[in-house]
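Hey, can you work out the whole structure from these sequences and the hints?
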Amino acid sequence: MTTASPMAASETVSIEIGGMAIALRTPDAAFRQLLENRYAGFVGASSSSHFEFDIDLYAPSDSTAADEDVQVRMEGTEWLLQRGDFHARWNFHTGRGHIRQSHNPYAIDSVLRIVHTLILARQGGFLVHAASAIRGGRAFLFAGVSGAGKTTISRLAPPDAMLLTDEISYVKRQGDEFWACGTPFAGELARVGENRSAPISALFFLEKGPENRIEPVGAAEAVRRLLRNILFFADDSELVKLVFQSACEFASLVPVHRLVFVPDQRVWEIIR
Amino acid sequence: MCVGRTKGKRRRVITNKYIAKSPAIAARLLGGEMMVMSAVDSTFFTLNEVATAIWLAADGGTTLAEIVDRKVCQEFDVDREEAERDADQFVNELSQHGILLVSDQPIVNLPAPPEMQ
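Taken in sequence, the protein lines are chains S and H. Using our numbering, the letters of the first sequence correspond one by one to residues 1 to 272. Using our numbering, the letters of the second sequence correspond one by one to residues 1001 to 1117.
These are calculated hints, taken from the structure and not from any lab test. Remember, it's a predicted structure, so these values are computed and weren't measured experimentally. Take these hints with a grain of salt, some might be off.
Said to hold, decoys possible - One side of the interface only, derived from the structure: several residues of chain S facing chain H at Cβ under 10 Å:
#, residue
1, Glu16
2, Thr77
3, Trp79
4, Phe92
5, Ala220
6, Ser237
7, Val243
8, Gln245
9, Glu249
10, Val254
Stated by the list, open to error - From chain S, some residues computed to sit far from chain H (all C-beta separations above 10 Å):
#, residue
11, Gln33
12, Ala59
13, Glu78
14, Asp160
15, Val192
16, Glu215
17, Glu238
18, Cys248
19, Ala251
20, Arg266
21, Trp268
Just so it is clear, CB atoms sit at the ideal spot from N, CA and C, and this is done for glycine as well.
This is the structure:
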């Protein structure tokens, strides 16, 4: 990986997630302001960005474009990322890319998520559908599909818990540990996470029930459920293999449990 | 030990097909369980002990019948015909997802399986 050359700082917003800075350049001041507001807490100095994208904006012609399936694949030396509301090309090795998209913030949000999944896949990490929080210097992940309780467990978090995200957790490998990093990718809570990180103490698969209890999850089941919740979009079998190995590594190093919980604050008493 | 159900000439329910792991898979033994995933369609399988024995022996140069004889019948207390039927079903299912390659001839010149790299 190379560090991309500096862009015109006045037209650039650099967004740093998980220690990985991506500079977004657009002459549209209103869109830059939208970026700074949306990613508040994650905006850094553009001079230290690892990757750079130029953004061309256009007026959307179809309001349903964001509902189309996303496509991510290599074409020559570049990644092609496209959906109805964006079309992006990105050269991983030069660090440069180009995005053509509508003013819709969900488009740039999706591009950032995809780019981070591609970066993380090579580094032994991943993005996963999970809320996460730091408590006592350790991070806890709460995974599940929509409706499993990610927003609920986030809303119930005690004051001493620092919320990293209520929707998409950023998991990266650091030595013999996995760390969780805050993300600006918000769910129903519509609140940007804290831009902090900590080693992961446990992963809980959420399930609402009549009582609070923690049950063990076997390694194979942990991997199977983790893979079901990992975000990965690329049509690339080599990267899919890397993501699989990362999930296996995670399950071998991090305790994985099923957390059955009653949606009230007492559930946090058993999270250690 | 394998026990045949019929006396006299044994009837094989599997042919002498060769099986090999596809290069387009990821596999990992974790917590005593073998997990295999297709890198093409992300289909995920957890293999039991017998299936794991067949999987590990799928080198492209050994027939399924030999694998059942040496790795299943000699190591597990299982009826031969049942073992052959189960092995055949297992191989068919994984081959449908491109996880196992099946041929009437030895399968050679494949890249090393992922779990051995």
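Here is what the structure says about each hint:
1. Glu16: At 30 Å from the nearest chain H Cβ, S:Glu16 fails the 10 Å test, so the hint is violated.
2. Thr77: violated (22 Å)
3. Trp79: With Cβ-Cβ at 18 Å, over 10 Å, it is violated.
4. Phe92: Cβ of S:Phe92 sits 19 Å from chain H, so the hint is violated.
5. Ala220: OK, holds: S:Ala220 within 10 Å of chain H, min 4 Å.
6. Ser237: holds (4 Å)
7. Val243: holds (8 Å)
8. Gln245: holds (6 Å)
9. Glu249: At 9 Å from the nearest chain H Cβ, S:Glu249 passes the 10 Å test, so the hint holds.
10. Val254: violated (13 Å)
11. Gln33: holds (39 Å)
12. Ala59: holds (36 Å)
13. Glu78: Nearest chain H Cβ is 21 Å from S:Glu78, so the label holds.
14. Asp160: holds (33 Å)
15. Val192: For S:Val192, whose nearest Cβ neighbour in chain H is about 31 Å away, the distance exceeds 10 Å, so it holds.
16. Glu215: holds (16 Å)
17. Glu238: Label violated. Min Cβ-Cβ 7 Å, cutoff 10 Å.
18. Cys248: It is violated; S:Cys248 is separated from chain H by about 4 Å at its closest Cβ, not greater than 10 Å.
19. Ala251: At about 6 Å from chain H, S:Ala251 fails to clear the 10 Å cut-off, so the statement is violated.
20. Arg266: Nearest chain H Cβ is 31 Å from S:Arg266, so the label holds.
21. Trp268: S:Trp268 is indeed farther than 10 Å from all Cβ atoms of chain H, at 28 Å.
Going through the hint list in order, the structure does not satisfy hints 1, 2, 3, 4, 10, 17, 18 and 19.
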